[in-house]
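Visitor: Each chain, letter by letter, is given below.
Number of protein chains: 2
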Amino acid sequence: MGRRRRFDLDHGVEALCAGDRAALGRAITLVESRREADRIDADALVHRLLPYAGQALRVGITGMPGVGKSTLIEALGQRLVAAGQRVAVLAVDPSSARSGGSILGDKTRMTQLARDPRAFIRPSPSGGALGGVARRTRETIVLVEAAGYDVVLVETVGVGQSEVMVANMVDFFLVLTLAGGGDELQGIKRGILELCDLLVVTKADGDNMQAARRARAEYEGALALMPPRSPGWKPRVGICSAVTGEGLDALWQAVQEHRAVLRGSGEWERRRGEQRVHWLWQSIRDGLQEALERDDGVRRRLAELEQAVRNGATSPDVAAAQVLAAFLSRG
Amino acid sequence: MGRRRRFDLDHGVEALCAGDRAALGRAITLVESRREADRIDADALVHRLLPYAGQALRVGITGMPGVGKSTLIEALGQRLVAAGQRVAVLAVDPSSARSGGSILGDKTRMTQLARDPRAFIRPSPSGGALGGVARRTRETIVLVEAAGYDVVLVETVGVGQSEVMVANMVDFFLVLTLAGGGDELQGIKRGILELCDLLVVTKADGDNMQAARRARAEYEGALALMPPRSPGWKPRVGICSAVTGEGLDALWQAVQEHRAVLRGSGEWERRRGEQRVHWLWQSIRDGLQEALERDDGVRRRLAELEQAVRNGATSPDVAAAQVLAAFLSRG
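Chains A and B, in that order, give the protein sequences.
Just so you know, the first sequence maps onto residues 10 to 340 in the working numbering.
Just so you know, the second sequence maps onto residues 10 to 340 in the working numbering.
These aren't lab readings, by the way, just hints derived from the structure by calculation.
EDC-like, lysine to aspartate or glutamate: derived pairs with alpha carbons at most 20 Å apart: (1) B/K243 / B/D180; (2) A/K243 / A/E229; (3) B/K243 / B/E229; (4) B/K243 / A/E227; (5) A/K243 / B/E227.
Far from chain B, some chain A residues (derived; all Cβ distances over 12 Å): (6) F16; (7) C26; (8) G34; (9) R44; (10) V252.
Computed footprint of chain B on chain A, listed as stretches where at least three residues anywhere in the stretch have a Cβ under 8 Å from a Cβ of chain B: (11) 142–155; (12) 230–243; (13) 322–329.
Beta carbons are placed, not taken as given, at the ideal position from N, Cα and C, and that holds for glycine.
Looking at chain A on its own, in the form it has when it is part of the complex (with noise of 0.2 Å):
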């Protein structure tokens, strides 16, 4: 990467718009570099594309390892390629931010859809900050977008913040989980029903269907007690098997469904909107605490406030202030 030459934006827009993958593959790998020059160029590149971005359908995918996201992903983009759509699967690994490997979007687990021309899987930005990998899972949306994809489905592991993050970047939020053996905890995760629009139990085949129609059957009564996160939608809970396709197809009719509705009380829009909102003031809140994390001043100080903190021996607002004011009265 230290060796790629300068990003040529003119150009890169062009065959980006398109659909060349190679240069849409090249604008991605700019999106996600953290050297400051391939920064601005990124910047400026987003820019440009934002009046091509916004068309597709964002759907958030979520579950443990082991619920068979990537098996479910590969069953129904092929499924929605072959009715015509172009398919972008992007994946959100926070665990890969800190191991600094990526666990996700392994084309390896999604052979025949990794094949299809009509499909673009991208693994995990590999590296950074939670924050940094958001930006970058944004950005990398707008891209997708600009070339022309018309479902980008992004996938994350039920680990840490992830889910939260993913689930205010799309438009629609499936959950999977696995028919536990009476013991539904360990398939799905604290807050996580809350952020559901539909919640679908895997692995709905041979002698798992009774477990899982059980399991629908609980999941309905919990989430009938959760108000919804919607006015115009009340979250659903599904069953299916990517192996026999049960259960596939109502899953993207729900989908599809909650766009509609969505679009017809103008909530799409304006969730959009929010969104993006809210994605500018988390920008400027951990631009700002990165900025004072930098700051030699607060660096000195902060470690011992923090310890006299925790232990009871100063107040977290007196040693707020002194860190506030360390910072703010630099320059």
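Given chain A, work out where chain B should sit, using these hints.
Guide: Just chain B, lined up with the frame of chain A:
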């Protein structure tokens, strides 16, 4: 308030630690003041009192208006003081932060408890942003603890972010709900089940009894689907009646069991330390955002940038970079 004399720190600390109610009232007024001079005194006071604080059992209580919070607190509080405990009741009401008037902690709704010398009831501080309300509430907890109260009940209404805020400053989070007519939705709010250590269905008496028992069973099912907040404690569901007293003993029993379990595992102290660090960073972030929004160069740009981002003309991150540059380059 404008005519109030400067606060006498030494005398204030002494009188407050001696349990002088008037001194406690003056100290809370000082902490709630938004005058600069008072802020300095308040910081000094809280800092002086920290060594005497932290001994109380802090219980957050939430529920939608009409669920019977005040009635339950009145009944519970009377039992606690009858058992020799000193009880402080604080109220957090974000709506009062907006309207400027408090609707909670109204002594006229806790007449018996308000008259008891072993109880201290303080309405919600009115005015100011949620961050300010949070700070004043946390500081008030320090004051009442230093004044020797054994139990601090922090009441909040089921509105906005107040529950998350309160859950982050107490040891035990109690959620009250009503048995709805088959539809529990109105009774509970998004994300609340995730926070609660104990969910109690109120007004379980007379004709309501059956519905309350049904609701309890339903909520037990829902909570079973959520991983507990603490490895050592599985959230419980109970019913209670402030009229017949049904369930009040079990309620307090759960609070004490919870404390015993978490203290035994060391999670109690660890959690308090984490809460303090959480508030340090919250306070830092709030302060940074306030400073940013106060900045002239920023304010000029922000409105139009936010609009450009909302309608998709500018990317959130490019806009954020402009805001940050305008802010951090100043001075």
